[in-house]
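Chains as they are written, first to last, in the numbering used here: chain A, 1 to 389; chain B, 390 to 508.
Don't read these hints as lab results, they were simulated from the structure.
As the structure is a prediction and not an experimental result, all values here were calculated from the model.
Hints are supplied without guarantee of correctness; some may be wrong.
[Claimed, not checked] Derived SDA-like pairs: lysine to any residue, alpha-carbon spacing no greater than 20 Å straight-line:
id: 1; chain 1: A; residue 1: K382; chain 2: B; residue 2: E443
id: 2; chain 1: A; residue 1: K382; chain 2: B; residue 2: R469
id: 3; chain 1: B; residue 1: K455; chain 2: A; residue 2: V60
id: 4; chain 1: A; residue 1: K382; chain 2: B; residue 2: E420
id: 5; chain 1: B; residue 1: K455; chain 2: A; residue 2: H291
id: 6; chain 1: A; residue 1: K47; chain 2: A; residue 2: D34
id: 7; chain 1: A; residue 1: K47; chain 2: B; residue 2: R469
id: 8; chain 1: B; residue 1: K455; chain 2: B; residue 2: C394
id: 9; chain 1: A; residue 1: K47; chain 2: A; residue 2: D128
id: 10; chain 1: A; residue 1: K382; chain 2: B; residue 2: E448
id: 11; chain 1: A; residue 1: K382; chain 2: A; residue 2: Y327
id: 12; chain 1: A; residue 1: K47; chain 2: A; residue 2: Y327
id: 13; chain 1: A; residue 1: K382; chain 2: B; residue 2: E446
id: 14; chain 1: A; residue 1: K382; chain 2: B; residue 2: F405
id: 15; chain 1: A; residue 1: K47; chain 2: A; residue 2: E182
id: 16; chain 1: B; residue 1: K455; chain 2: B; residue 2: L423
id: 17; chain 1: A; residue 1: K47; chain 2: B; residue 2: F405
id: 18; chain 1: A; residue 1: K382; chain 2: A; residue 2: F322
id: 19; chain 1: A; residue 1: K382; chain 2: A; residue 2: R330
id: 20; chain 1: B; residue 1: K455; chain 2: A; residue 2: D65
id: 21; chain 1: A; residue 1: K382; chain 2: B; residue 2: T418
id: 22; chain 1: B; residue 1: K455; chain 2: A; residue 2: P374
id: 23; chain 1: A; residue 1: K47; chain 2: A; residue 2: R361
id: 24; chain 1: A; residue 1: K47; chain 2: B; residue 2: H432
id: 25; chain 1: A; residue 1: K382; chain 2: B; residue 2: S436
id: 26; chain 1: A; residue 1: K382; chain 2: B; residue 2: H452
id: 27; chain 1: B; residue 1: K455; chain 2: A; residue 2: R361
id: 28; chain 1: A; residue 1: K382; chain 2: B; residue 2: W441
id: 29; chain 1: A; residue 1: K47; chain 2: B; residue 2: D434
id: 30; chain 1: A; residue 1: K382; chain 2: A; residue 2: R361
id: 31; chain 1: B; residue 1: K455; chain 2: B; residue 2: G444
id: 32; chain 1: B; residue 1: K455; chain 2: A; residue 2: A385
id: 33; chain 1: A; residue 1: K382; chain 2: B; residue 2: E403
id: 34; chain 1: A; residue 1: K47; chain 2: A; residue 2: F322
id: 35; chain 1: B; residue 1: K455; chain 2: A; residue 2: R23
[As the list claims (entries may be wrong)] Coverage of chain B stretches by chain A, computed from C-beta distances (three or more under 8 Å per stretch; other residues unrestricted):
id: 36; segment: 425-439
id: 37; segment: 465-476
No residue lacks a Cβ here, since even glycine has one placed at the ideal position from N, Cα and C.
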Amino acid sequence: MRSVLVVGASLAGLSAARALRARGYDGRLVLVGDEPHRPYDRPPLSKEFLAGQADEAALVLEAEDEDLGAEWLLGARAVALDPGARSVGLADGRTVTADGVVIATGAAARTLPGAAARSGVHTLRTLDDARALRADLARGGRLVVIGGGFIGAEVASTAHALGLEVTVVEAAPTPLSGPLGEAMGGVVSSLHRDHGVRLLCGTGVRGTEADGEGRVAAVVLADGRRLPADTVVVGVGARPCTDWLAGSGIEIGDGVLCGADGRTSLPGVVAVGDCAAWYDPAAGAHHRVEHWTGALERPAAAVAALLSGSPGGQRAPRPPYFWSDQYGVRIQFAGRAAGADTVTVEEGAPQGRDVLAVYRRGGVPVAVLGMNRPRSFTRWRKRLAAVTS
Amino acid sequence: MIPVCRLADLPRGEAFRLETDPPVAVFHTEEGELYAIDDTCTHQDASLADGWLEGCEVECPLHASKFDLRTGAVDAPPARRPVRTHEVVVEDGVIHVRLSPSAPGLPSCAAGRLAGGAG
Ligand SMILES: Cc1cc2nc3c(=O)[nH]c(=O)nc-3n(C[C@H](O)[C@H](O)[C@H](O)COP(=O)(O)OP(=O)(O)OC[C@H]3O[C@@H](n4cnc5c(N)ncnc54)[C@H](O)[C@@H]3O)c2cc1C
Ligand code: FES
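All chains, please: the whole structure from these sequences, using the hints.
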């Protein structure tokens, strides 16, 4: 393989480029990214950066002296993949051809169906989004967060610390019940009420209302209630950026469908990070993992498979792991809650928001949740990795 | 030299946090080597003694930056600065560390707290 093109220049793309060089690949390496920025770190966008405690320099993902010997085409959007020629067409008309392609286009924030785009209504995925939201939060006042998932909860926590009056609206009866299960979703989302942030569950959103200048003034709920708002954040999840692959014939489900090593249905093409749904042998299904560590670690296996053209003989990926920081509590989760039949509190107490809970299926640990318990969490995470590998 | 604990009380694969100021983490690797580094991650306020020890590396328990126990070097962000390494000496079955004379590279939040700030 003499040339590799990485599409998407964020954590997964950068990790793939690093893994290629680490494996001794010395051919041409091109990274294409539609944002104008060098790779940056997203987790702080809802935490320290939004709070004004970290500046943009702190978001840089490359080490100071790092030189991957790559060509960077930034501000360039890929619009098509031609599997025969293995070439990628860019929005500006250029075409890049390579022996191998790494798809790392991540995910984009979902918006509310049917809701008008208004000033004062934000989603949060990119640095530009975070700059705009940070500026609006500085106005103070009332913030309504639509969606009680991790990003919504982190924005609520940050805005609360900045002194805003915050309300979180969640359509499901319990926030976070998908990733954490009903019981622990309830425990983690109690953090809102503990801190005087209003949490309204089981209600959808009908739309938003504007003031005379066209700026958002209120959120209207499905049941007709009206929540006055100076700023609104829509945190209703992310969808994989795979539109540009339409017509390439690559198999797509919820993300680019991949084997357990990142290989796609097209030869010479692998996919990594938030856009990719790798086959999970333990679950017998494809799963799109939208976590930082997945985007960091999995590219090594994908790149090994790409270079060798066969399964790389790499270790199975470690169980998915993510963290979230809310109201000063460090939340950590590894494994998969879906399919667990019991959840037991092994340490601490849910009321104290200081807990280590283990999820089991047929007595076998399948996931672990920690709140302010990094030490025992790491032990359990290691045990999970041993069980699943 | 600061006494840490008896060698027999630190099994392979385990770490011990020495509550010095700043704290120091002593690791006993699966291969039987002993290493000491600054305990606080250079990214945020995490204790590396709580991390995932594998070979001669410890992975930060929070955001997965890995530190080389032999050199203190970090593999990749989010942490950017190395940690200090300290000398380990075993005398009469007791582990001791000799602290490095160089200045620690603590994260700004921990440094602020150490200096009496709000942290
Ligand atoms: C606010 C926020 C907070 C988060 N907090 C946490 C956390 O606490 N813990 C955790 O584990 N995870 C967290 N995450 C998730 C984590 O950041 C992601 O899992 C990670 O960024 C995924 O990396 P990626 O490279 O796959 O995708 P992305 O980071 O989404 O990058 C994809 C890149 O590809 C570019 N791109 C898309 N389409 C094209 C195209 N057609 N052509 C060229 N380029 C394209 C995009 O512009 C983008 O730059 C958070 C995410 C956000 C947004
Ligand atoms: S605290 Fe260690 S990597 Fe973030």
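Verification of the supplied hints:
In summary, the hint linking K382 (chain A) to E443 (chain B) is supported, as the alpha carbons are separated by about 10 Å, within the 20 Å threshold. Taking the CA atoms of K382 (chain A) and R469 (chain B), the gap is about 25 Å. The hint is violated against a cut of 20 Å. Distance hint between K455 (chain B) and V60 (chain A) is fulfilled; the C-alpha atoms sit about 17 Å from each other, no more than 20 Å. Taking the CA atoms of K382 (chain A) and E420 (chain B), the gap is about 18 Å. The hint holds against a cut of 20 Å.
Of the supplied pair hints, the one linking K455 (chain B) and H291 (chain A) holds, its CA atoms being roughly 18 Å apart against a limit of 20 Å. Proximity of K47 (chain A) to D34 (chain A) is assessed by CA-CA distance (about 24 Å); at most 20 Å being required, the pair is judged violated. For the given pair, K47 (chain A) sits about 19 Å from R469 (chain B) by alpha-carbon distance, which is consistent with the 20 Å threshold. In summary, the hint linking K455 (chain B) to C394 (chain B) is not supported, as the alpha carbons are separated by about 25 Å, beyond the 20 Å threshold.
For the given pair, K47 (chain A) sits about 15 Å from D128 (chain A) by alpha-carbon distance, which is consistent with the 20 Å threshold. Of the pairs offered as hints, the one joining K382 (chain A) and E448 (chain B) holds, with about 12 Å between alpha carbons and a cut-off of 20 Å not exceeded. This hinted pair does not check out: K382 (chain A) and Y327 (chain A) have alpha carbons roughly 27 Å apart, beyond 20 Å. Annotation: proposed proximity of K47 (chain A) to Y327 (chain A) holds, straight-line Cα distance about 10 Å (limit 20 Å).
Annotation: proposed proximity of K382 (chain A) to E446 (chain B) holds, straight-line Cα distance about 15 Å (limit 20 Å). The straight-line distance between the Cα atoms of K382 (chain A) and F405 (chain B) is roughly 18 Å, inside the 20 Å bound, and the hint therefore holds. With a C-alpha separation of about 25 Å, the suggested pair K47 (chain A) and E182 (chain A) falls outside the 20 Å cut-off, and the hint is violated. Under the criterion of a C-alpha separation no larger than 20 Å, the hint pairing K455 (chain B) with L423 (chain B) is consistent with the structure, at around 17 Å.
At most 20 Å may separate the alpha-carbon atoms for a hinted pair to count; K47 (chain A) and F405 (chain B) exceed this at roughly 30 Å. At roughly 14 Å between alpha-carbon atoms, K382 (chain A) and F322 (chain A) fall within 20 Å of each other, so this suggested pair holds. For the proposed pair K382 (chain A) and R330 (chain A), the alpha carbon gap of about 18 Å is at most 20 Å, so the pair holds. Distance restraint check for K455 (chain B) and D65 (chain A): the Cα-Cα separation of roughly 17 Å lies within the 20 Å cut-off, and the hinted pair is therefore satisfied.
For the suggested pair K382 (chain A) and T418 (chain B), the alpha carbons sit about 15 Å apart, so the restraint of at most 20 Å is met. The hinted pair formed by K455 (chain B) and P374 (chain A) meets the criterion: a straight-line CA distance of about 16 Å does not exceed 20 Å. This hinted pair does not check out: K47 (chain A) and R361 (chain A) have alpha carbons roughly 33 Å apart, beyond 20 Å. With a C-alpha separation of about 14 Å, the suggested pairing of K47 (chain A) with H432 (chain B) holds against the 20 Å cut-off.
Annotation: proposed proximity of K382 (chain A) to S436 (chain B) holds, straight-line Cα distance about 17 Å (limit 20 Å). Between the alpha carbons of K382 (chain A) and H452 (chain B) the distance comes to roughly 15 Å, so the proposed pair stays at or under 20 Å and holds. Taking the CA atoms of K455 (chain B) and R361 (chain A), the gap is near 31 Å; set against the 20 Å cutoff, the hint is violated. Restraint check for K382 (chain A) and W441 (chain B): the C-alpha separation of about 8 Å stays at or below 20 Å, so the hint holds.
At roughly 15 Å between alpha-carbon atoms, K47 (chain A) and D434 (chain B) fall within 20 Å of each other, so this suggested pair holds. Restraint check for K382 (chain A) and R361 (chain A): satisfied, since their Cα atoms lie roughly 17 Å apart, inside the 20 Å limit. Restraint check for K455 (chain B) and G444 (chain B): satisfied, since their Cα atoms lie roughly 11 Å apart, inside the 20 Å limit. Distance hint between K455 (chain B) and A385 (chain A) is fulfilled; the C-alpha atoms sit about 18 Å from each other, no more than 20 Å.
With a CA separation close to 13 Å, the supplied pair K382 (chain A) and E403 (chain B) stays within the 20 Å bound. Straight-line distance between C-alpha atoms of K47 (chain A) and F322 (chain A) comes to about 15 Å, which keeps the hinted pair within the 20 Å bound. In summary, the hint linking K455 (chain B) to R23 (chain A) is supported, as the alpha carbons are separated by about 18 Å, within the 20 Å threshold. A count of 4 residues in the segment 425-439 of chain B with a Cβ less than 8 Å from any Cβ of chain A is obtained; the coverage claim is therefore met, three being the minimum.
Counting residues of the segment 465-476 of chain B whose CB lies closer than 8 Å to any CB of chain A gives 4, so the stated coverage by that chain holds, three being the minimum.
Taken one by one, the earlier hints fail for this structure at numbers 2, 6, 8, 11, 15, 17, 23, 27, listed in ascending order.
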